[in-house]
Amino acid sequence: MKTVTIEYFAVLRECAGQHQECLSTSALTAGELFKELEKRYGFPELNSIKVAINDEFSTLNTPLTEGDIIVFIPPVAGG
Amino acid sequence: MKTVTIEYFAVLRECAGQHQECLSTSALTAGELFKELEKRYGFPELNSIKVAINDEFSTLNTPLTEGDIIVFIPPVAGG
Amino acid sequence: MEFRIATEKLLPEVWRSALEDPRCGGFVTFEGWVRNSNEGQEVLRLEYQAYERLGLKEGEQILAEAAEKYPIEQAVCVHRVGELEIGDLAVWVAVSSAHRDEAFKACRYIIDEVKHRVPVWKKEHYVNGDSGWVNCEACATHAVTGREQ
Amino acid sequence: MEFRIATEKLLPEVWRSALEDPRCGGFVTFEGWVRNSNEGQEVLRLEYQAYERLGLKEGEQILAEAAEKYPIEQAVCVHRVGELEIGDLAVWVAVSSAHRDEAFKACRYIIDEVKHRVPVWKKEHYVNGDSGWVNCEACATHAVTGREQ
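Protein chains in written order, with this note's numbering: chain A, 1 to 79; chain B, 1 to 79; chain C, 1 to 149; chain D, 1 to 149.
In case anyone wonders, no lab produced these hints; they're calculated from the structure.
Do not rely on the hints blindly, as some may be mistaken.
DSS-like mimics (lysine-lysine), calculated; alpha carbons at most 30 Å apart, straight line [unchecked claim]:
no. : chain 1 : residue 1 : chain 2 : residue 2
1   : C       : K69       : C       : K115
2   : A       : K2        : A       : K35
3   : C       : K69       : D       : K9
4   : D       : K115      : D       : K9
5   : A       : K2        : C       : K9
6   : A       : K39       : A       : K50
7   : C       : K57       : D       : K115
8   : B       : K50       : B       : K2
9   : A       : K2        : C       : K57
10  : C       : K9        : C       : K105
11  : B       : K35       : D       : K115
12  : D       : K9        : D       : K105
13  : C       : K105      : D       : K115
14  : C       : K69       : A       : K50
15  : C       : K9        : D       : K9
16  : D       : K57       : D       : K69
17  : C       : K9        : C       : K57
18  : D       : K105      : D       : K69
19  : B       : K2        : D       : K57
20  : B       : K50       : D       : K105
21  : C       : K115      : C       : K57
22  : D       : K105      : C       : K69
Kindly produce the complete structure, drawing on both the sequences and the hints.
Structure below.
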């Protein structure tokens, strides 16, 4: 089990009902963690999902490390 | 002989030493008139010359008509 | 080169002085305005949210890429977040350079990349009462439903 | 759609209100500034002259062409004439449209065509005392010589 911080934005923030949380997870990768959260919060279908780990773009198959700050990034729409 | 008004701009104005003049000419076309003025005022070599007759773009082989307002247009450089 | 995320009304008149340069003959700006419709729906207002720490890094990176690809002198991009009304300025991009060609190309490059890469999200509130996060399949009305529960 | 030739300092803040439109999400501007050098020569100041009656017709025509080629909502171009200093705004082009692609393309089209077709001439005064009409073979120094005679 690893303890990580997750920050939520946009539709994920609304589904999770919070800006961030700290949780212990048995997920080995960012992608596994996303599946876990998706099940818990009922995220809507997204065209694609990206992830940032410790404020750097990363990939869903990246192993989680104790203390990571994880942000899942739904399709962006700036401008 | 026809009487026409010529307005000068840019380098042609400086060579002619005036903004406009009214003159009688035996030139049959705008191009012949330009050659006449070129000889008189010593216009510098130009990459190209265009002509407007009565505030419309025209061509150098257009015949002159009594009372025409003629503007010879050296290469433009706006912006 | 400067990328900012701002919570207050954007003031291009203020920012533009950062781009003035006596070597520059060309200055191109892009402004993204909140418009009153999107994909056939009437929009009432918008809400922008940014993942600011990563967004600033990605924005700076985009400006650096633009300066590497095109011989420009200055470039600034400011993105607003928070609640915006129709007609409000959401993003401002400005580029100055010796000649116009590179200023046009760099400005276009910056806004295109910002829209695709900077983690900013836009929630549209529609005249009919629905709302939705743009680009999010099945997200329209989801949020509203979520809040009503 | 509006094309103007102005003898006073250009004020984009004033003109831009003519382009505001709630249907528009994209607004692109081009500013042509007087720069301190051209083709290797240090420029001190510039003088623009226009054949105004034909210039206004040609300018309006260019804006109409842009509106026909691209689905834009508004376009304005103002060209200044007279004596300008380094850093002064010589020409301002602004386009608003629903989406950014057409605003960029129309703005570029307008400035390119204005530079090639509108009868406006530019005389550069150089730091070394020479001067010359731009694009005019053998015209640099000619004018100075002419005046000295």
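Which numbered hints fail: Checked against the structure, the hints that fail are numbers 3, 5, 7, while the rest are satisfied.
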